[in-house]
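2 protein chains.
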Amino acid sequence: MSTTTHEVPGISHILDAEKRIFGKVHRTPVLSSQNLNELVGCSMYFKCENLQKAGAFKSRGAVNAVFSLDDSHVKNGVATHSSGNHAAALARAAKLRGIDAHIVMPSNSSKVKIAAVKHYGGKITFCEPNLASRESTLEKVLDATGAFEVHPYNHPLIIAGQATAAKELIEATGKLEIIIAPVGGGGLLSGTALSARFFSIGTKVVAAEPAQANDAWQSFTQKRFVPSVNPDTIADGLRTSLGSLTFKIIMENVDDIVTVSETSIITAMKLIWERMKIIVEPSSAVPFAAILEGNFNFKNKKIGIIISGGNVDLENLPW
Amino acid sequence: MSTTTHEVPGISHILDAEKRIFGKVHRTPVLSSQNLNELVGCSMYFKCENLQKAGAFKSRGAVNAVFSLDDSHVKNGVATHSSGNHAAALARAAKLRGIDAHIVMPSNSSKVKIAAVKHYGGKITFCEPNLASRESTLEKVLDATGAFEVHPYNHPLIIAGQATAAKELIEATGKLEIIIAPVGGGGLLSGTALSARFFSIGTKVVAAEPAQANDAWQSFTQKRFVPSVNPDTIADGLRTSLGSLTFKIIMENVDDIVTVSETSIITAMKLIWERMKIIVEPSSAVPFAAILEGNFNFKNKKIGIIISGGNVDLENLPW
Numbered sequence: 031m032s033t034t035t036h037e038v039p040g041i042s043h044i045l046d047a048e049k050r051i052f053g054k055v056h057r058t059p060v061l062s063s064q065n066l067n068e069l070v071g072c073s074m075y076f077k078c079e080n081l082q083k084a085g086a087f088k089s090r091g092a093v094n095a096v097f098s099l100d101d102s103h104v105k106n107g108v109a110t111h112s113s114g115n116h117a118a119a120l121a122r123a124a125k126l127r128g129i130d131a132h133i134v135m136p137s138n139s140s141k142v143k144i145a146a147v148k149h150y151g152g153k154i155t156f157c158e159p160n161l162a163s164r165e166s167t168l169e170k171v172l173d174a175t176g177a178f179e180v181h182p183y184n185h186p187l188i189i190a191g192q193a194t195a196a197k198e199l200i201e202a203t204g205k206l207e208i209i210i211a212p213v214g215g216g217g218l219l220s221g222t223a224l225s226a227r228f229f230s231i232g233t234k235v236v237a238a239e240p241a242q243a244n245d246a247w248q249s250f251t252q253k254r255f256v257p258s259v260n261p262d263t264i265a266d267g268l269r270t271s272l273g274s275l276t277f278k279i280i281m282e283n284v285d286d287i288v289t290v291s292e293t294s295i296i297t298a299m300k301l302i303w304e305r306m307k308i309i310v311e312p313s314s315a316v317p318f319a320a321i322l323e324g325n326f327n328f329k330n331k332k333i334g335i336i337i338s339g340g341n342v343d344l345e346n347l348p349w
Numbered sequence: 031m032s033t034t035t036h037e038v039p040g041i042s043h044i045l046d047a048e049k050r051i052f053g054k055v056h057r058t059p060v061l062s063s064q065n066l067n068e069l070v071g072c073s074m075y076f077k078c079e080n081l082q083k084a085g086a087f088k089s090r091g092a093v094n095a096v097f098s099l100d101d102s103h104v105k106n107g108v109a110t111h112s113s114g115n116h117a118a119a120l121a122r123a124a125k126l127r128g129i130d131a132h133i134v135m136p137s138n139s140s141k142v143k144i145a146a147v148k149h150y151g152g153k154i155t156f157c158e159p160n161l162a163s164r165e166s167t168l169e170k171v172l173d174a175t176g177a178f179e180v181h182p183y184n185h186p187l188i189i190a191g192q193a194t195a196a197k198e199l200i201e202a203t204g205k206l207e208i209i210i211a212p213v214g215g216g217g218l219l220s221g222t223a224l225s226a227r228f229f230s231i232g233t234k235v236v237a238a239e240p241a242q243a244n245d246a247w248q249s250f251t252q253k254r255f256v257p258s259v260n261p262d263t264i265a266d267g268l269r270t271s272l273g274s275l276t277f278k279i280i281m282e283n284v285d286d287i288v289t290v291s292e293t294s295i296i297t298a299m300k301l302i303w304e305r306m307k308i309i310v311e312p313s314s315a316v317p318f319a320a321i322l323e324g325n326f327n328f329k330n331k332k333i334g335i336i337i338s339g340g341n342v343d344l345e346n347l348p349w
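Going down the list, the sequences are from chains A and B. Just so we're aligned, residue 31 is where the first sequence starts under this note's numbering, counting upward by one. Just so we're aligned, residue 31 is where the second sequence starts under this note's numbering, counting upward by one.
Identical copies carry no separate label here, and so any pair may be met within one copy or between two of them.
For lysine-lysine, the following BS3-like pairs were computed, each having C-alpha atoms within a straight-line distance of at most 27 angstroms:
#1 K141 with K300
#2 K331 with K54
#3 K331 with K125
#4 K54 with K153
#5 K253 with K234
#6 K125 with K148
#7 K125 with K329
#8 K49 with K234
#9 K300 with K148
#10 K54 with K125
#11 K205 with K234
#12 K125 with K332
#13 K54 with K329
#14 K125 with K153
#15 K332 with K54
#16 K278 with K205
#17 K54 with K141
#18 K329 with K148
The set of hints was computed from the structure by calculation and includes no laboratory data. Since the model is a prediction, treat every value here as computed from it, not as a measurement.
When you get a sec, could you build the whole thing from the sequences and use the hints?
Next comes the structure, spelled out in structure tokens:
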């Protein structure tokens with residue numbers, strides 16, 4: 031696959047990604063809770079990407095992209111703009127390959143996220159906290175450094191990397207009736223939908239999104255791209271708009287998108303912490319929030335849930 | 031093994047326990063964190079009993095004890111006094127066997143712990159929050175019900191059950207140079223020391239204890255039983271005194287006991303939450319606190335750590 035193509039990843043690209051990231055990211059555990067299953071009346075299998083390297087599924091796509099590139103592409107390093115998990119994941123992947131990572135971060139990024147990027151040796155350039163400033167600052171960084179841009183979600187190599195999480199989930203659980211993933215930019219959801227299509231024929235793919243950042247739901251129901259405008263949700267990983275490629279893959283491969291309230295997200299997050307003893311970030315709690323809200327047909331079903339990450343500021347919890 | 035004996039468990043009792051609890055408790059995962067390893071300069075393998083049924087290692091001993099008893103012993107159910115994890119674990123084990131569990135709990139027990147006992151159908155009798163009231167109330171309950179008392183730690187069946195955690199840890203990691211466990215009543219520590227002795231000859235066993243509840247350290251260094259008097263530690267699982275049997279096993283099989291400050295416990299707990307994305311209770315953080323304090327020789331060593339449980343009141347965190 032060319033590094034500049036925008037084609038939809040095929041089965042071979044996901045299998046390639048799987049080989050490429052082997053040993054460089056964790057094969058994360060799949061956990062269940064009898065207690066939570068009894069509470070909601072279905073069998074849930076949580077793929078724990080919160081236990082992934084750098085604390086999120088983003089390490090999969092970042093490692094796949096960074097290790098796919100030719101030496102000539104990466105001799106000046108890689109770059110991206112991100113306030114969150116992609117920043118740390120890209121910095122880590124670049125460090126593994128021994129190249130520079132230039133990360134443009136909004137000045138209001140959380141201290142925890144900034145510390146994570148620095149921990150992996152990422153070179154941070156701060157910008158104003160808006161998309162225009164992020165993009166223009168990244169342009170300047172790309173011009174100045176000659177680094178190769180690695181987009182957080184709208185690229186086939188990123189999507190193929192993220193797809194490996196659902197592939198592993200399916201291998202661990204056997205046939206699932208439904209897989210639910212959260213949707214922000216759509217990289218994880220696109221990868222999840224493709225893996226379900228290739229490796230678990232007949233499994234429905236449902237996306238869950240905060241009602242207060244419902245651009246993917248609008249795009250999906252209106253069958254046209256709708257951008258995210260002033261998203262106001264605690265699920266900080268899900269505020270971004272879909273990309274051209276992720277929108278296309280989602281329209282063709284996702285069965286349903288449902289939205290949830292902020293209250294449900296916090297309730298779901300706290301229940302997962304309390305009952306499963308794992309730390310998940312608000313974005314990760316959105317699929318379970320959709321089950322709690324009961325806004326799709328899940329009763330008595332065998333359901334896979336992608337827990338996207340666990341990077342939370344412990345000093346600032348929502349309860 | 032008789033249900034009333036106070037003999038030291040042998041290798042066969044641990045193997046029996048392993049078979050007896052199979053399928054009734056989790057074989058919990060062993061997790062590592064490169065980040066924490068780099069921070070302290072050793073290789074740590076965390077046996078995650080926080081992910082155990084009822085959220086603590088106590089489920090092992092409780093299931094082993096409850097399923098060892100003859101029908102004649104348990105026709106009137108089982109009973110104990112406990113403010114914590116043993117209460118929920120015993121209630122759960124009794125429910126699995128289809129018998130009653132009578133639990134004497136201090137009136138100031140945490141809401142979370144009371145809710146857990148109720149969830150598993152335990153019949154709670156509240157008492158004053160002191161040992162005299164706990165013991166006299168339990169006597170009354172035993173007289174009134176004819177239930178069989180299952181002590182939280184000072185019994186070979188309990189110790190043999192707890193020993194299975196270290197056995198599984200050793201099987202998962204291969205030879206360890208050191209295993210560290212926290213010490214309260216000494217059931218987990220006794221079982222850990224016996225499993226190291228039987229299944230990993232040459233592995234040192236170190237116990238970690240809060241300095242503000244240092245009765246085990248006093249007992250160990252003075253070679254005579256010293257009771258716990260007014261323990262004042264956030265590690266609520268480690269406030270109890272050793273028992274006669276656990277004292278004997280610890281004196282014969284533990285290599286060292288080290289104590290840690292309250293500040294170190296909180297720092298260790300927060301680091302585990304932040305970097306490993308798992309929820310551990312303060313008692314579980316005590317061994318890692320001992321490594322942070324550097325008060326024994328652990329540098330560059332391969333170390334197993336028993337994470338004892340994950341039952342925490344999320345509304346009341348120590349930071």
